[in-house]
Amino acid sequence: MKLIRKFYNYCKVNPIIFRRFFSRKESNNKNDILLTCMFIILISLTTALVFRSSCEIFKYDKTIKQFVGNEWNKVFHLYLLNCFDLEEEKDIKKVMKNKIPTSVLQFIDSLATDEDICTNKGVRVYPEIITIKSESGVLPKVQCYKFSEDYTYLTEYLTNTFHDTLITKRPYLFIQDRLSKKLNVYEDDIVFIKEAGIGDKYSLPLQVKPIKDKSRVKCFIFEHYLSDYARKKIRLYFAGMSDLFDFLLRKAVFEWKLDKEYPVYFGIGEDVFGFIYDRNKVSDDYDFIYQPKFISKTYDVTFQDSLKLLFVKEEKKYIYSININEDGFIELDKDDLFNKFLHIKHGFNNLDKDSVEISASFFVNFPRDDRDDLVFLEFDFIKNFTINARKRQVELIQYLEIAKDFSIEFDISTDLERTDVYRFFYYNKFEDAYLTKEILSKFDEFNIRWDSGRWKTIIDLNESLMEGKENIIFLLIISIVIFLLFLIIKLYLRLKIEFHTIGTIRCFGYNKKLLNRVYRTGYMILITSGFFIGVPLGIVISLLSGFDITLVVQSLGFVFSQYLIVYFIILQLLSFFIVGYILNKLVHVDDIYGLIKYEG
Amino acid sequence: MIKVIFPLKKTFSDESYICFEYPHSKIDDKITFDGLEIHPKYLYNIMGLNGVGKSTILNILSLLTGFNGNYFKDKDSIIINHTINNSNKDSIRHDHFSYIFQDPHIINMYTVKENLEIVNQKFNFSKHMSLIIDKLNSVIDKKSKKYLVKKICDLKKNENNSPYSLSGGEKQLLSFIRAMIKPSNVIFADEPWASMDQNLKEFVEQQLYLYLVKKDVFNEFRDNSPEDDNTVIIITHLHQHKDNNIFGKLDTEWSKIIPVTHYDNNDNGKLNHSELEIERYALIK
Chain A
5 MKLIRKFYNY
15 CKVNPIIFRR
25 FFSRKESNNK
35 NDILLTCMFI
45 ILISLTTALV
55 FRSSCEIFKY
65 DKTIKQFVGN
75 EWNKVFHLYL
85 LNCFDLEEEK
95 DIKKVMKNKI
105 PTSVLQFIDS
115 LATDEDICTN
125 KGVRVYPEII
135 TIKSESGVLP
145 KVQCYKFSED
155 YTYLTEYLTN
165 TFHDTLITKR
175 PYLFIQDRLS
185 KKLNVYEDDI
195 VFIKEAGIGD
205 KYSLPLQVKP
215 IKDKSRVKCF
225 IFEHYLSDYA
235 RKKIRLYFAG
245 MSDLFDFLLR
255 KAVFEWKLDK
265 EYPVYFGIGE
275 DVFGFIYDRN
285 KVSDDYDFIY
295 QPKFISKTYD
305 VTFQDSLKLL
315 FVKEEKKYIY
325 SININEDGFI
335 ELDKDDLFNK
345 FLHIKHGFNN
355 LDKDSVEISA
365 SFFVNFPRDD
375 RDDLVFLEFD
385 FIKNFTINAR
395 KRQVELIQYL
405 EIAKDFSIEF
415 DISTDLERTD
425 VYRFFYYNKF
435 EDAYLTKEIL
445 SKFDEFNIRW
455 DSGRWKTIID
465 LNESLMEGKE
475 NIIFLLIISI
485 VIFLLFLIIK
495 LYLRLKIEFH
505 TIGTIRCFGY
515 NKKLLNRVYR
525 TGYMILITSG
535 FFIGVPLGIV
545 ISLLSGFDIT
555 LVVQSLGFVF
565 SQYLIVYFII
575 LQLLSFFIVG
585 YILNKLVHVD
595 DIYGLIKYEG
Chain B
1240 MIKVIFPLKK
1250 TFSDESYICF
1260 EYPHSKIDDK
1270 ITFDGLEIHP
1280 KYLYNIMGLN
1290 GVGKSTILNI
1300 LSLLTGFNGN
1310 YFKDKDSIII
1320 NHTINNSNKD
1330 SIRHDHFSYI
1340 FQDPHIINMY
1350 TVKENLEIVN
1360 QKFNFSKHMS
1370 LIIDKLNSVI
1380 DKKSKKYLVK
1390 KICDLKKNEN
1400 NSPYSLSGGE
1410 KQLLSFIRAM
1420 IKPSNVIFAD
1430 EPWASMDQNL
1440 KEFVEQQLYL
1450 YLVKKDVFNE
1460 FRDNSPEDDN
1470 TVIIITHLHQ
1480 HKDNNIFGKL
1490 DTEWSKIIPV
1500 THYDNNDNGK
1510 LNHSELEIER
1520 YALIK
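Respectively, the protein sequence lines represent chains A and B. For what it's worth, the working numbering labels the leading residue of the first sequence as 5, then goes sequentially. For what it's worth, the working numbering labels the leading residue of the second sequence as 1240, then goes sequentially.
Calculated directly from the structure, the hints in this document are not laboratory data. Hints may be right or wrong, so weigh each one.
Among the chain B residues that face chain A by a calculated CB cut under 7 Å, a handful are [said to hold, decoys possible]: (1) THR1304; (2) ASP1329; (3) ARG1332; (4) HIS1333; (5) TYR1338; (6) MET1348; (7) TYR1448.
In this text, a Cβ means the ideal position worked out from N, Cα and C, and glycines have one as well.
Could you build the full structure based on these sequences and the hints that come with them?
Okay, here's the thing in C-alpha cells:
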C-alpha cells in the first residue's frame, strides 16, 4: 500500500500541464497526435513481435517439458553385448568376441556421478510379452517390463509414490489406464497373467495398480514375481477366529461348496500355523499339522464336504470331524466361540468343555504390530491353478467380499543374477547440452544398442530452444535501440517546440521535479498503452503465423513472466532515465528567460 | 514581510556585484548598477537607454537568469543567509514573484482559461472572470469602463480557445491578468503596456499602483497573507511618463528610480555612464 501511495503521489501532477502533455491546444496539433500514435504503434508492434517470439519459445519449452516431464524419456535400456571400443581393441577382428570392453563399462559407470544420472544392471530387462486375463477380458501380447526394486527412480515416477511403500510382498501389476479400461478392471482388482503363447495355465494372480503418469510403459511388474521359484499363495484375512469360523462353516462349506483342489492353511499374523481341510489325511495322522510346510509340499490335499477341527489341551490333541448341515449351523460369535461350537451336533458329544481349548495359540502366540487381530486362511495356487482365469477371479473376488483383507503372498527368490549386458540408464541432465551430445556420440561410437531417437529428439528441441532464445534477445535489442532512437528524436523535437511553454511554466514557479514527473508519467502511460495494445496484437500475429489458440492462451502466463515483462520494464526504465536526462540537459537550465524567449 | 535586498556596488573588486555576460557576445560586455535595496510597498522604475541591460537586470532580480555572482540577503529577507540554489529559486518564484513580459509570452498550447488557471489553481476562470467584470463595472471610470469590460468579455468568450486567435493587445491583457492573479508579493514588469492602447495602458498603470496597496481588482484572487506587503519593479522609458499618469508623478515616497548604466571594456575600464539619461532622471526626481 505504501508503495502504491508513493507511486500515486509521484504521479500526482498538475492536471493542466499533464493534459497538455498529450494534446496541445493549437490550431494544428495533428503532428503531435501523429507522433504519439507512431510512438504507441512502434511499442505495440515490437511488443507484438516479442510476444510472438515468446510464444515460439514457449512452444519449444512446453515440448521439452512434456518430453522431459515424462520420466520414461529419461530412462534408456542399453544392450551392451555387441558393443566395442575400437581404440581399446585396436584390432577389428577382436571386436566380435562376446565381451563387453572395459572402457565401455567404465564410461557408463563414470557417468553415474549423482542422482541425476544412474545406471543399474538388469537381469532380463527387455520387456516380456504376457497375456493378462480379467473377469471380463483378455489382453494378449502385452509388453510387460520387469523392474528391479532397485530402480527407485523408475518406480517412484511410474507409481507416483515413494518407493518404500511399494516394497511389500504384495504383488502388483502396474498398468496403464487405457489397458485397465479394456480389461474392465480397477485398482486392487485381481488379474491373472501368463507368458503369452504358452498354454492356458495362468500362473500368477496379481493386484491391479495404475501407472499414474503418462509414459511409454504399458505395464510392469517387479522382476522377481515372474521367477519360476516363487511360491504364490492367496491369503484371506479375518478380524478374529469368530469371523474365520463363520467363513469356514457357513460360507465356505455351504455357499462356496468347498470343491477346491488346493490346500488351505490357517494362521495368525504372517505365520502359517497349520489348519487344513482334508478329512482322510487328517483323521489318520494329525501330527503333520505342526509342520505345515511339509504338508504343503508333500500332500495333495483337497477340500471335502466335511470339516476337521483340531483342539489342543496340553499334550493331548483332539481332532474332530464335523459334518455340517444346514440345521446344525449357527452363527459364530467371537466372545463365546467354544459354547457356540457345542451346538454343532457331530463330534462334540464326548468333548469336555473344561478340558479343551480351541487352539489357544492361534489367538495369543503370534502377535504382529500391524495385524495382531487378524487371522488368515491361505490357499496355495502354485500347482492347482488350472481352471480358467475368469472362474478364478470370480472366486477371488468372492473371497474379497467375505474377508476383511486380502493378499497374494510370495516367497520371492531375490538374489537374481545380474549381468552387464543389460543396463537401465537414467539420465536427468538434458539441460547440459555438451554432456548430452557427448554421451550420444560415445554410445554411437561404442555401438551400444539403445533408443537414440528419443535422445536426439531432446537434443534437437534444446537446440531449437536455444536458437529461439537467441532470436528473441536479438529482437529485444533491436526493439530497444529503435525505441531509444524514436524516444530521443521525439523528445528533442517536442521539447524544442515546448521550450517557451516550459520556460513560462517554470517562470511561474513550477519546479523541474514537477516537469520531470509530467514527462515521465506521460511516457509511462504511452508505453503502457503501446504495451497493452501490443499484447492482443501479438496474439493475433501469433495465431496468423500458425500457432494453435490453446498454445497461445497457455503461453500468456509464460510470456508475461518472461521476456515481455522484461521488455516492458526495460522500456519503462529507459524512458524514465532518458526523459530525465534530456530534460535536465535541455530544459532545466539557469536561464529560464532564455527558454521563454525561445519561441521568438 | 517581504524584503529583497541587493547590496550591489560599482566596483569589480567588491565581490557583491552583478556581472552578467551575454553568452553569444563577442565583446566582453558587463552590466552594473548602483547598490540597491528593494523594499516593500515601493514601486521601482528601472530606467536606461535601449540595450543598456534593463531587462537583463530585471531578469537577474527576478531569478529568471543566472549571472556571475551571488545573491546576498539579510536575515529579514526571504532569501536567508546562503546562496540561493535552483530549488529555492523555484520556490521563491512560486510563492512570491509574478511577471509581466514585454512580449506577452502567453502559452499557445494551452487555452485562454488554462493560461490563467495554471498560475493560480484556485482561480476558476468562468466564475472569477465574471467577478472581475463586476468589479470593473464598479471601480473604473465611465470613460474606459465599457471598453475594458468588452475586452475582458472577449477573453471570457475565448476561454476554451488557443490564445493564437487573440490580438497583441488582448494577449498583453491576458498576460497582465495572469500576473495579477498569481499569488505574489513582487511583480516584475518589463514594459507591460508595450502593445496596449491608451485605455488598457492606463488600466494597467492604475492596477499596478493599486497592487502596492492591495486594492487592485485582482487582489482577492491572489489569496496572499495580509501581513505581506507588495512591491512592483518595472521597466519604463521616460517618454512614457506624463503628468496625467501615475508613473509620471514618480512620488519619491513610494517610487524609486533604478538607473542602469553600461560598462564597456573597450573604454579602458572606465565607467561609461549615460549621463544624459541620468540627468533626465534627476530632473524628474
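Hint check results:
1. THR1304: This hint holds: THR1304(B) lies near chain A, its Cβ roughly 5 Å from the closest one there, short of 7 Å.
2. ASP1329: Holds - the Cβ of ASP1329(B) comes within 7 Å of chain A, reaching about 4 Å at its closest.
3. ARG1332: With a minimum Cβ separation of about 4 Å from chain A (threshold 7 Å), the hint on ARG1332(B) holds.
4. HIS1333: 2 Å, holds
5. TYR1338: At 6 Å from the nearest chain A Cβ, TYR1338(B) passes the 7 Å test, so the hint holds.
6. MET1348: 4 Å, holds
7. TYR1448: For TYR1448(B), the interface hint is violated, since the closest Cβ of chain A sits about 23 Å away, which is over 7 Å.
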